[in-house]
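Construct the complete structure from the given sequences, taking the supplied hints into account.
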Amino acid sequence: MSAAMTQQNAPKADVILSARGLTKRFAGFVAVNDVDLDVQRGSIHALIGPNGAGKTTCFNLLTKFLQPSAGTITLNGRDITRMPSADIARLGLVRSFQISAVFPKLSVLENVRIALQRRRGDSFDFWRSQKVLHELYAEAMERVDEVGLSSFTHETAGELSYGRKRALEIATTLALEPEMLLLDEPMAGMAQEDVARISALIRKIAANRTILMVEHNLSVVADLSDRITVLARGQVLAEGPYEAVSKDPRVIDAYIGAGHE
Amino acid sequence: MTTQSETGYRSEAAALPIGTPRHHMVIFAVLFGLLLVAPSVLYPVFLMKVLCFALFASALNLLLGFGGLLSFGHAAFFGSSSYVAAYAAKAWGFNPEFAILLGVLAAAVLGLGIGALAIRRQGIYFAMVTLAFAQMVFFFALQAPFTGGEDGIQAVPRGRLFGLIDLSSDLTLYFVVLAIVFGALLLIYRIIHSPFGQVLKAIRDNEPRSVSLGYKVNRYKLAVFVMSAALAGLAGATKAIVFQLASLTDVYWTMSGEVVLMTLLGGMGTVFGPLIGAAVIVTMQNYFAGFGAWVTVLQGAIFVVSVLLFREGIVGVLAKWLKKPL
Ligand SMILES: Nc1ncnc2c1ncn2[C@@H]1O[C@H](COP(=O)(O)OP(=O)(O)O)[C@@H](O)[C@H]1O
Ligand SMILES: [Mg+2]
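If you read the sequences in order, they're chains A and B. So for the first sequence, the working numbering puts the first residue at 1; every next one is plus one. So for the second sequence, the working numbering puts the first residue at 262; every next one is plus one.
Derived lysine to aspartate or glutamate pairs resembling EDC-like cross-links, with alpha carbons at most 20 angstroms apart:
no.	chain 1	residue 1	chain 2	residue 2
1	B	K581	A	E155
2	A	K105	B	E468
3	B	K477	A	D122
4	B	K584	A	E155
5	B	K584	A	E159
6	B	K585	A	E159
Simulated from the structure, these hints should not be mistaken for laboratory data.
Below, the structure written as structure tokens:
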């Protein structure tokens with residue numbers, strides 16, 4: 001709780017995303033319970049906790065893929081509690097999904113390009129040839145390159161290996177150049193060398209962005225994050241830098257209690 | 262810097278396979294050439310029927326194959342447009358082009374209404390909502406005082422195109438229908454290869470992901486629903502002028518089922534599949550007409566076999582063999 005206190009005393013201007021009393025009830029069951037969360041601008045903030053703790057549900061609430069039962073969410077001081085998901089994305093808060101979310105029938109390049117296409121605003125111009133999108137190719141290629149997929153540019157996304165799909169998903173998210181990213185287990189199921197590459201990429205993009213990520217790989221979390229919030233049974237158990245949080249007996253308990261290390 | 266320009270170069274090359282494939286235009290051209298000479302071998306009325314259904318199936322395919330939305334009520338648009346066009350031509354003496362235009366407009370408005378309600382539902386519920394509304398349209402066509410009840414609207418005059426060209430000759434009408442259908446097919450082709458089409462395919466592939474990228478998916482879904490309804494309407498209105506008839510068959514649920522069958526048989530999500538599917542089904546209906554109810558059984562059998570043997574449809578399978586999108 002003391003960690004939460006210092007958070008609240010921190011100057012407001014530095015908080016990009018903030019939630020107060022965030023709660024989600026599913027039929028007779030509280031998945032997220034009265035969660036307060038403040039993410040500092042420019043930081044890498046990790047959300048960890050045992051399976052079923054409510055991390056993904058939190059992400060769904062913050063990006064309005066689910067409507068909160070109670071609580072408020074503000075982004076850059078603006079109340080977004082009632083805002084539709086697409087509008088939140090347009091404000092620069094973009095999420096990835098725990099279950100890999102690519103466009104399976106589109107090529108790798110087209111996947112990234114669909115994100116770049118957002119810059120044109122809405123694309124209701126059905127009468128125009130898609131040749132007008134060619135101007136986005138060079139940049140799409142760079143994004144594809146950045147995550148090490150340049151030799152798969154024209155592969156159908158659905159046929160990529162799991163790890164490569166995750167990499168493509170990150171490339172697509174990055175193509176929007178969001179002010180803040182929510183990454184839900186970005187490294188799950190990745191081979192070791194991919195983990196290293198994506199870690200480095202996340203660190204690189206965090207230079208001028210804010211990242212909130214759920215990750216089970218604790219060495220990645222320790223390595224990358226400035227601040228950690230531990231969730232268990234829908235509630236905030238602890239918050240602080242990795243060294244402090246990892247020594248917290250309640251955290252250790254929660255992890256062992258849930259059959260984790 | 263060298264690597265930079267290299268990347269630039271490669272992305273230029275990369276652009277090629279993603280633009281509209283050149284072989285599509287070749288196929289369209291060959292098809293058009295064949296259809297120009299086809300009336301010397303086949304009956305124009307039969308050909309016009311194939312063309313109308315090819316357009317109808319392509320309209321459904323725009324929604325199903327590229328928007329990922331399965332409508333089980335497309336007869337509502339096909340049929341209502343066919344009634345409106347028939348009525349306008351017969352009762353008000355509209356020129357065929359205005360009668361058809363009015364039919365298309367009616368289908369689009371109906372599409373806007375039904376679409377706005379249906380897109381709030383997903384998957385099978387979407388299909389059920391469209392079916393339910395189509396049934397309402399059917400009962401309206403059955404009961405309304407101006408639709409001719411069981412008889413439909415018969416003896417619709419074909420009239421004069423632009424008040425000039427007499428369409429009573431099947432052959433003349435054939436070339437007009439060919440122009441209408443081909444124009445519409447090229448429009449559909451453009452839609453699926455436009456920036457709008459790209460978003461559509463993304464929504465089809467993964468709706469939540471599209472939302473998370475900032476796309477307001479419901480607007481795209483509604484837009485494609487209205488386009489599909491209007492194009493189905495174009496097919497229905499044209500058919501009404503060709504056969505000089507609007508009837509309950511056009512709005513009945515079996516018509517909705519038939520067009521889904523044509524699309525799946527030919528290959529949904531392909532450009533040319535619906536044309537092949539329509540040609541196969543219409544040919545069957547025409548040449549096996551003497552078998553009566555057995556045609557339906559045969560259609561059912563074909564459907565089962567095609568689902569079991571080639572899920573991707575005739576053209577879908579062909580595209581896989583040739584490793585080219587068709
Ligand atoms: N749509 C839903 N309806 C009912 N229960 C849900 C729903 N989504 C998640 N839950 C439940 O909420 C709890 C938290 O899930 P989740 O947020 O996915 O956990 P985590 O991501 O931390 O593993 C789980 O018990 C899960 O079964
Ligand atoms: Mg989760």
